[in-house]
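Chains as they are written, first to last, in our numbering: chain Y, 1 to 252; chain L, 1 to 334; chain U, 1 to 287.
Rather than coming from a laboratory, the hints here were simulated on the basis of the structure. In this text the structure is predicted, and so the values were computed from the model without any measurement. Honestly, I wouldn't trust all of these hints.
To be verified - Think about it this way: if two alpha-carbon atoms lie no more than 25 angstroms apart in a straight line, the pair counts; the simulated SDA-like pairs of lysine to any residue are: (1) Lys238/U to Arg300/L; (2) Lys228/L to Pro230/Y; (3) Lys228/L to Lys186/Y; (4) Lys139/Y to Thr192/Y; (5) Lys228/L to Pro80/Y; (6) Lys171/U to Phe22/L; (7) Lys171/U to Val213/L; (8) Lys238/U to Phe291/L; (9) Lys163/L to Phe176/L; (10) Lys228/L to Gly27/U; (11) Lys111/Y to Ala18/U; (12) Lys238/U to Ala124/L; (13) Lys228/L to Leu56/Y; (14) Lys228/L to Lys195/Y; (15) Lys228/L to Asp208/L; (16) Lys228/L to Thr192/Y; (17) Lys171/U to Phe291/L; (18) Lys331/L to Asp180/Y; (19) Lys195/Y to Gly229/Y; (20) Lys228/L to Ala113/Y; (21) Lys111/Y to Phe176/L; (22) Lys228/L to Ala18/U; (23) Lys331/L to Pro114/U; (24) Lys228/L to Pro58/Y; (25) Lys139/Y to Lys331/L; (26) Lys238/U to Phe176/L; (27) Lys331/L to Leu25/Y; (28) Lys331/L to Thr192/Y; (29) Lys228/L to Leu47/Y; (30) Lys228/L to Asp180/Y; (31) Lys8/Y to Asp180/Y.
Said to hold, decoys possible - Which chain Y residues face chain L? A few, computed with CB under 10 angstroms, are given here: (32) Lys8; (33) Asn95; (34) Arg127; (35) Arg130; (36) Thr147; (37) Val165; (38) Glu168; (39) Ala245.
Note that the Cβ used here is the ideal one computed from N, Cα and C, for glycine as well.
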Amino acid sequence: MNPLLQAKDVNIFYGDKQAVQNVDLDVHTGTVNALIGPSGCGKTTFLRAINRMHDLTPGARVTGQILLDGEDIYAPGVDPVAMRRRVGMVFQKPNPFPTMSVFDNVVAGLKLAGMRNRDQLMAVAERSLRGAALWEEVKERLNTPATGLSGGQQQRLCIARALAVDPEILLMDEPTSALDPSSTAKIEELMTELKKVTTIIIVTHNMHQAARVSDTTSFFLVGDLVEHGPTDRLFQSPRDERTEAYVTGRFG
Amino acid sequence: MSDPARRLPTRASMSSGSDRVFQYLILALASVIVLVFVVSLYLLGVDSWPALRQFGVDFFTTRTWNPVSGTFGAAAMITGTLVTSFVALIISVPLAIASALFVAEYAPRWLANPVGYLIELLAAIPSVVYGLWALFVIAPVLSRWEQGYFASPEKIAIYTACKNIWDQDRTTLQCFFVPSAFDGRGLALAIIILTVMILPYTASVARDVIRLVPADQREAMYALGATKWEVISRAILPYARAGIMGGVILALGRALGETLAVAMVIGDSQDIIKSIFGGASTMASVIANQFGDAQETLHRSSVVTLGFILFFVSVAVNLLARVIIQRLTPKGVK
Amino acid sequence: MSTATSARPQVRTGLSAARRAQNMMMGGLILLATLLVVAPLILIFVYLIREGIDAVNLDFFTKIPAPEGETGGGLLNAILGSLYMLAMSSVFGVLVGIAGGIFLAEYPRHPLMPSIRLVSDVLAGIPAIVMGLVAYGLIVLNFGFSGFAGAVALGFLMIPIVVRTTEEVLKLVPQAVREAGLSLGLPQWLVTLRIVLPAAAGGIITGVMLALARVAGEAAPLLFTAFGNPNVNLDPSKPMSALPLEIYRGATSAYDENQRMAKAGALLLIVLIFVTSLLARRFSRKV
Chain Y
1 MNPLLQAKDV NIFYGDKQAV QNVDLDVHTG TVNALIGPSG CGKTTFLRAI
51 NRMHDLTPGA RVTGQILLDG EDIYAPGVDP VAMRRRVGMV FQKPNPFPTM
101 SVFDNVVAGL KLAGMRNRDQ LMAVAERSLR GAALWEEVKE RLNTPATGLS
151 GGQQQRLCIA RALAVDPEIL LMDEPTSALD PSSTAKIEEL MTELKKVTTI
201 IIVTHNMHQA ARVSDTTSFF LVGDLVEHGP TDRLFQSPRD ERTEAYVTGR
251 FG
Chain L
1 MSDPARRLPT RASMSSGSDR VFQYLILALA SVIVLVFVVS LYLLGVDSWP
51 ALRQFGVDFF TTRTWNPVSG TFGAAAMITG TLVTSFVALI ISVPLAIASA
101 LFVAEYAPRW LANPVGYLIE LLAAIPSVVY GLWALFVIAP VLSRWEQGYF
151 ASPEKIAIYT ACKNIWDQDR TTLQCFFVPS AFDGRGLALA IIILTVMILP
201 YTASVARDVI RLVPADQREA MYALGATKWE VISRAILPYA RAGIMGGVIL
251 ALGRALGETL AVAMVIGDSQ DIIKSIFGGA STMASVIANQ FGDAQETLHR
301 SSVVTLGFIL FFVSVAVNLL ARVIIQRLTP KGVK
Chain U
1 MSTATSARPQ VRTGLSAARR AQNMMMGGLI LLATLLVVAP LILIFVYLIR
51 EGIDAVNLDF FTKIPAPEGE TGGGLLNAIL GSLYMLAMSS VFGVLVGIAG
101 GIFLAEYPRH PLMPSIRLVS DVLAGIPAIV MGLVAYGLIV LNFGFSGFAG
151 AVALGFLMIP IVVRTTEEVL KLVPQAVREA GLSLGLPQWL VTLRIVLPAA
201 AGGIITGVML ALARVAGEAA PLLFTAFGNP NVNLDPSKPM SALPLEIYRG
251 ATSAYDENQR MAKAGALLLI VLIFVTSLLA RRFSRKV
């Protein structure tokens, strides 16, 4: 089976400074893939290349190819706006739209795409909120401000918001770094469920989290993809000594 | 703030004594600010009293302003102030927000800084210079257009019909847009120049708050597949709305009190407003145009009362801005 | 939500033409609006240079206005009057303004702090002409029109501007700097005067310059305080002229020569204001 996402010789620059070099990576449908490494290693930079977020940063440049379903998302003629709809994103800190209700947050992406039918929107909202394990907690308060939710609920709302547009890939950038342990546990549990409907790439600072939730893990160091492989294998018998040093906690 | 634990024990007594003296000195100087406010309130109140006692509520509701007969009602200037300010605000706000978006979201850095600076300079141009420019440059343009009403017979007919209506102290929607004066001065010119003058206040506040919208708000909307405009209209502007409203109200405050530019171009008429091209007056313009000539106590007191009203209105606008900013500020993003 | 790739949109499709068009159109409108906003500044500047530059010559700086109907003359009375009144108003406005800023920034727990900040903010929004009325009632009624009365009105206007910038820049001085001073055994007032204020000096000077630039252009509060004077006068108890006053009189005068002087005066005034605010920015960037 062809990989859902293929990165080929990806290099990322901020101005003259190179942040990521020569990354090749395959991601398969229905898996959770963790990107780990110390701060500043390029893992978040690489993640943000997958939905062309770098287009928004003046001076940032991406070379190489990133193929989604075999199509290069950086090919000329690809509209980044249309392409981003296929890739969901969850951020480090919960970032619901503070002036919108819970419901409006979830369906924000659908409204962009022109869906106006209230029943249809409601159906998707329910499905997405259930998908993010939030439905039971918010079904009575869909029309209250999203900012009334707790931090962990807000982050699951952001997951529901990303799920609502039915993305092929869900990018998660340290999604639990701002949350308390019990909210973190809920979201980790959720990821196992989510891979039934989508494919996850998660950047995490926390090796134990990577070990718990992911099928494959990629270890980044100063812009290089040092090692990539099944999570169990990478943690138990790393092939590169730098990986070994990192996963055994000798630095980072 | 004389926390002795923070100082060396040997210096404690000496320094807390000198600290107290310094604190009283600073407090005394800072209290001058409050003093200025209280003295202003007192002087304006005392000088307004003769007019307020004489006319009472009628001062606000009647529109006869006649120094000869000694009858003063400020309804015309109050209306003039509200009309010029709100119309100018309505025109300027979208332009100001657009220019703020250009500087904060669209322009590359090498262009954003100079354009932002130009907009700030716009706020630095003195009122009297705006007035001069409006009088010498825009008024002739308006005047030429107004005089066009005498060029064609149909238009003269319209004008004559409107003149009849105006003479009965009435106006119609059509006549409201027929020129009643031909030198370019009047309500329309005052609105135009006021619009230009208050633009930079909203624009620079809006730019600052738009820049403060967190990056992840923008990115969340982009990640859902939004175009740039959709990100602006659905994520950035809603998030920044409190600050932008603050800027709008700041501009409103400026517009209500704006004096010389308006006084120079509005045509200083205390008549009922019959045409947008006719003369009018605002509270501030009447103060500028009449205070110097006001000899009788009642006339002078009535002019000061206009200042007193402006004083209260600007205090109220300031407090309103605080409430609105507090109400609209996004809270609780965890 | 079935399995991954089924009925999902492909990369090249998706975005509707309407959304694309709306995005382009709004971008265009925003650019257009920005041009509209900036245009008056350029138009005013170009107009004043074209119409006023001829009159800016040696006479302009050394002579007083010619009698009505005659040509020639200058604005020496106004230039000196403006400088004189600005200097006087700064003594008062800067002292009170900086003290107010220090109070708000350095004594945040003082019970009077919130009310002084509120009053200062409110004062900033009161129209300049109203401050002119206040100075009239305070001084002119008792002592007659004078440069001093004008300076008081301008000083009132400066205070809240200086307070705000001083408070802002003092708050930017790191707490560690204050603690370092206190730990040396310096009393707090010496820490404020010798360490905190010098550290914030650049920003405070910027604030003062911006306040000066702002009030230098005010004519409204001078109309019935300084009143204006066709001759050079350096006695603060007598009526005094100022650039904005001469511009106002000239612009509303029927004589060509007066109008010409007004345009030249306006050119000088905005060049001075622009240069001052440019310098102020440079200053704050360096510090």
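(message) Tell me the hint numbers this structure goes against, listed in increasing order.
(response) Hints 2, 3, 12, 14, 16, 17, 21, 26, 27, 28, 30, 31, 32, 34, 35, 38, 39 are the ones this structure does not satisfy, whereas the remaining hints hold.
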